[in-house]
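Asks: Can you make the complete structure from the sequences, with help from the hints?
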Amino acid sequence: MRDKNFLIGAFIVFLIFLFLQITKPDLYISDRGLLLFLILLFGGILQFSTRHALRGGDVFLRTIPGVKAVEEAVGRSTEMGKPVLYVPGIQDMDQVETVAGVVILGHVSKMTARYETPLNVPVARSIVLKAAQEACKESYLVEGRSDIYNENMVHYVTDDQFAYAAGVNGIMNREKPAACLYMGKFYAESLLLAETGNSIGAIQIAGTASQSQIPFFVTACDYTLIGEEFFAASAYLSQKPDLLGIVKGQDIVKIVMLIMIIGGTLLRLFHDLGAINFNILDFLTITKG
Amino acid sequence: MQNISNFILKLSRVDRRWIFLIIGLSVLLPLFFPLGLPIRPTDTTQRVYDAFESLEPNSKVLLSCEYGPSTKPEIHPMVIALLHQLFEKNHKVYVSCLWPDGQFMADEALKEVAHLYNKQYGKDYVILGYKPGNEAIIKGMVRDLRAIFSTDVKGTKVEEIPMMEGIYKFEDFNFLFSASAGFPGSIEWMQYATDNTNVKMSTGTTSIMVNDIMPFVVSDQIQGILAGMPGAAEYEKLVGKKGIGTSGMDAQSIAHLVIVLFIIFGNIGYFIERNREKKY
Amino acid sequence: MLLKRQIPIFIVMFFGFLTLFGWFIDQKQVKDFVDIHGLQWYGIISTFAIFLGIITLIKLQLIKILKKQKGWQYSIVAILGVVFSFTAGFIYKGNPNIEWGAHVIEKGTMFKWIFEFIFTPLSATMFALLAFFVASASYRAFRIRNFEATLLLISGMIIMIGRVPLGSSISSWFVLYLLVFILGITINSIFKNRNYTLISFSSGLIIVTLFGMYLGWPHDKPGIFFLPTLQEWIYKYPNVAGARSISIGIGLGIFATSIRYILGLEKSYIGE
Amino acid sequence: MIFNEIFGAWVAAFLTLAIFSFLYKDNPFYKIAEHAYIGISAGYWLSIGFWTIIQPNLLGRLWPSKEYSDLSPWYGLYNIFNSILPSIFPEGGIDKGHDMDLTYLIPFVIGIMMILSIFKRFNWMARWGIAYTVAIAAGLRAYGYLNSYILGQVKGTIVPLANTGNPIFHISDPSLFNNLIILIGTVTGLLYFFFSKEQTGTFGKITRVGIYFLMISFGASFGFAVMGRISLLIGRFVSLIDYSSAKYHHATIWVFLIMVILLAYSSYTEKKSPSSNI
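Protein chains in written order, with this note's numbering: chain G, 1 to 289; chain L, 1 to 280; chain W, 1 to 272; chain U, 1 to 278.
Derived from the structure by calculation, the hints contain no laboratory data. A few of these clues could be false.
Unchecked claim - Once the Cα atoms are required to be at most 27 angstroms apart in a straight line, the calculated DSSO-like pairs of lysine-lysine come out as:
1) G:K137 with G:K185
2) W:K28 with U:K66
3) U:K197 with G:K68
4) G:K130 with U:K120
5) G:K4 with G:K185
6) L:K131 with W:K31
7) G:K137 with G:K110
Replies: Structure representation (structure tokens):
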């Protein structure tokens with residue numbers, strides 16, 4: 001808690017909030033005050049832990065097996081002399097998952113550059129194409145292997161969902177990659193990809209926050225990064241302190257929510273037993289407005 | 001024993017076109033030769049039914065159609081069954097659509113049901129139609145419905161429609177049913193309309209969306225859910241009108257059974273293979 | 001540099017703050033923007049982006065045709081498709097009684113015909129193809145690798161059978177007998193001793209039978225062995241608990257990332 | 001039955017069967033249907049977007065018929081457009097019930113820039129549009145997710161543990177046991193997503209419980225996903241059966257027969273020349 005500027009800023013914001021809550025000016029929708037408070041609180045926590053990490057504070061993250069397996073998968077491809085296939089989802093860059101997928105691609109391409117393993121990245125959107133090309137080029141440059149970088153390793157297939165899936169399936173059947181990585185936002189085509197990958201015997205690692213597609217990945221892939229794990233993975237691989245700090249901050253917010261859940265349950269228990277008069281549910285309900 | 005496991009192994013490497021053929025037939029045959037398996041309403045379906053049964057007569061129900069032809073098999077039977085129930089209880093039905101195709105679906109369903117109960121357009125039901133803008137439309141309706149819908153789908157001014165009297169914003173409705181196949185749909189209605197007002201809602205969704213919405217049903221943010229085609233069949237049973245949902249249930253049952261058997265057989269093959277690999 | 005860098009960052013921060021805190025401001029212009037105009041602007045911009053996509057699509061297909069790459073004949077079909085639906089959308093309505101603009105949603109126009117007889121069957125069939133792939137994947141890909149996968153597949157199978165009418169036709173006693181059978185197999189594979197297997201299998205049979213005779217073989221009791229009841233329990237309680245923790249996690253992830261964008265901590269989407 | 005509809009049914013039956021023929025193998029019928037799909041869907045979404053968003057909401061606000069006057073230069077510009085493209089710019093302004101709102105020039109300009117970014121020189125122009133998209137998504141989503149996904153779900157997890165009249169155990173109705181399941185499942189599930197602590201020892205055991213809940217939930221998703229796919233297949237078969245009726249001159253049956261014959265013929269010729277077997 002040695003971040004003076006942060007504390008001063010937080011105090012000022014808190015005073016403004018208090019002022020709004022007490023005077024309730026006409027301009028302010030005070031019924032939504034609880035949410036404003038939570039936005040400020042959670043935002044503040046995230047901001048604080050980022051600053052903490054940037055100042056060199058300790059940021060420990062546990063290992064995630066799926067993340068570790070990425071390097072092994074690339075290694076296996078190298079041994080077998082087969083390419084690595086990377087699918088960054090089928091959505092555009094306006095989805096958080098796609099951005100995370102492109103960031104992870106940056107790290108995977110560093111490994112392939114190091115091991116001189118061929119990399120194949122089919123994409124479904126033109127904007128993703130540009131971003132993914134930039135990411136790969138940068139990685140090969142950083143690893144000093146821009147001589148083996150080839151712009152066509154990232155290529156556009158089509159915008160259409162199933163046509164794209166069919167195209168990727170074709171690539172799998174022809175090139176028989178030893179490792180298939182699916183990182184991004186997926187819909188119904190997830191099954192087609194995972195089933196084909198399974199049939200060619202590749203190591204498959206998936207990462208997505210699309211709830212309804214996770215089961216197909218869990219059953220057909222070797223490793224799956226589930227929901228929040230997937231977002232954390234990009235921070236984990238990047239090792240950038242500000243991103244790691246955000247993940248740490250999310251953990252603190254989670255603790256706050258756990259306290260809310262358990263404390264709330266206790267408060268409700270006391271309320272139901274008639275010991276106290278305070279109804280937590282009414283407090284948490286945003287009144288209509 | 002060896003022979004049996006060899007046989008199973010052989011089966012597990014069968015060309016997948018045989019699998020395709022089996023699943024195709026297991027859906028197609030029951031459509032021609034129905035078995036008439038009994039349908040039993042689940043709890044969440046019952047809750048939707050009860051929610052509508054408990055409405056006062058002549059309530060104003062907003063029916064929002066957010067589905068299109070590709071998901072019609074799952075959602076359309078629900079809408080038809082629901083319309084039977086609403087018209088029977090003399091509720092007024094207002095249809096709005098967040099998907100462009102929604103209004104054809106609604107139109108088709110109303111044409112099929114309304115005349116059975118002698119209901120008239122403009123007096124007992126109205127199609128406000130499709131407006132583009134996704135969740136902006138929901139937010140707009142909560143603030144000022146007539147700013148969003150100045151006319152109905154036929155171009156009649158809202159002021160000239162008898163049943164629109166007293167409807168100025170979303171809160172003037174008594175209940176919302178969202179027939180939803182994706183974005184924008186039930187979740188957006190909940191986030192931007194019912195979570196912020198006193199109007200309650202129920203929903204009917206495609207199977208794939210059920211699990212995304214279920215937590216909100218259990219926490220009472222949504223009153224019950226009709227889950228996919230089986231949900232529609234159950235609702236048809238509750239309302240007492242057999243439809244497409246009911247007739248599809250035999251095929252659905254057989255196909256599910258076949259898939260479960262596939263999973264079991266596939267895994268038996270997998271185990272045999274793994275055990276052999278261990279031995280060598 | 002100003003145009004390429006500072007202005008985009010300013011746009012993100014300005015509109016991000018406006019739409020986030022606009023929720024709490026009771027002022028007509030701000031409310032109008034947050035409730036209506038903000039998203040309509042987005043709709044307009046994203047529609048312009050479709051033009052961009054179509055130009056890319058036509059360019060790619062034309063290159064294929066001009067270079068006579070493999071399968072170039074099919075690219076002609078694709079371009080004809082664009083031309084056909086563009087014609088129906090902008091040049092020829094096919095029904096003079098319907099105004100421009102209404103022709104994309106009213107019945108009786110060429111556009112609607114395309115929708116009904118080309119677009120609908122294609123998209124619906126593409127979707128239905130997945131049923132076949134689910135079947136083949138369940139045969140070849142869904143493997144019980146570990147305990148987690150076992151849980152997943154078993155709860156999936158219970159939902160699949162329990163939710164359809166077939167499930168309510170299966171008596172809970174059938175399930176009980178099935179469990180005894182599976183128990184026998186498990187004991188056999190663990191101990192590899194015929195006597196143990198025989199004893200556990202037959203005692204299981206006897207217990208279930210006695211229990212059934214005592215209760216009078218009710219079709220749907222005990223509830224935990226009646227698939228429709230069991231699937232309902234799974235999907236209303238353990239499933240909701242799991243789905244809820246994922247929802248909270250995803251909600252938190254999205255909230256955190258949004259804050260990151262609004263504060264300008266993450267700028268990778270504009271090539272930084 | 002009008003010609004349009006009968007012809008349409010034949011087209012629909014052809015396209016449906018052409019897609020299904022992929023199950024046998026990749027073949028020209030499937031490729032035709034697939035490419036037609038790509039092309040037509042592109043034009044389809046463009047038209048829908050233009051006529052339901054750009055024309056009414058953008059142009060309808062820039063030149064509403066309410067404020068039309070022959071004298072103003074702004075509408076003079078409009079009249080030029082009107083003489084070129086009368087279908088998009090009808091005479092006397094666009095009547096979509098909107099007032100004039102010139103702030104809509106902002107998305108108009110950003111949209112045009114989006115298209116211009118196709119040229120390499122103007123590559124950067126797309127950034128403005130992307131920036132706006134991200135801003136709107138972030139600002140609006142943050143509030144909605146916080147309210148419904150986080151606060152609403154936290155509220156839902158605060159279950160009653162006493163004095164509710166619920167029994168201690170009941171399988172499908174609310175009961176103390178089921179409430180505890182929800183509470184424990186949610187808490188342990190959340191703990192699984194905890195990144196700053198190694199999942200070992202007691203903590204590891206707790207998070208294992210969380211994973212089991214997640215897996216049961218995925219299993220349920222899986223079951224429902226299968227259910228949905230099968231329902232859609234049923235729907236497809238029902239329409240194919242419909243198209244095979246006399247009303248449509250048995251379209252399905254004829255198309256099916258012709259396709260089978262052609263496919264059989266092609267695989268027969270392929271067998272003769274094994275070199276084409278790639």
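Asks: Each of the hints needs a verdict: does it hold here or not?
Replies: Hints, one by one, checked against the model:
{"no.": "1", "hint": "G:K137 with G:K185", "result": "23 angstroms, holds"}
{"no.": "2", "hint": "W:K28 with U:K66", "result": "22 angstroms, holds"}
{"no.": "3", "hint": "U:K197 with G:K68", "result": "17 angstroms, holds"}
{"no.": "4", "hint": "G:K130 with U:K120", "result": "12 angstroms, holds"}
{"no.": "5", "hint": "G:K4 with G:K185", "result": "40 angstroms, violated"}
{"no.": "6", "hint": "L:K131 with W:K31", "result": "20 angstroms, holds"}
{"no.": "7", "hint": "G:K137 with G:K110", "result": "10 angstroms, holds"}
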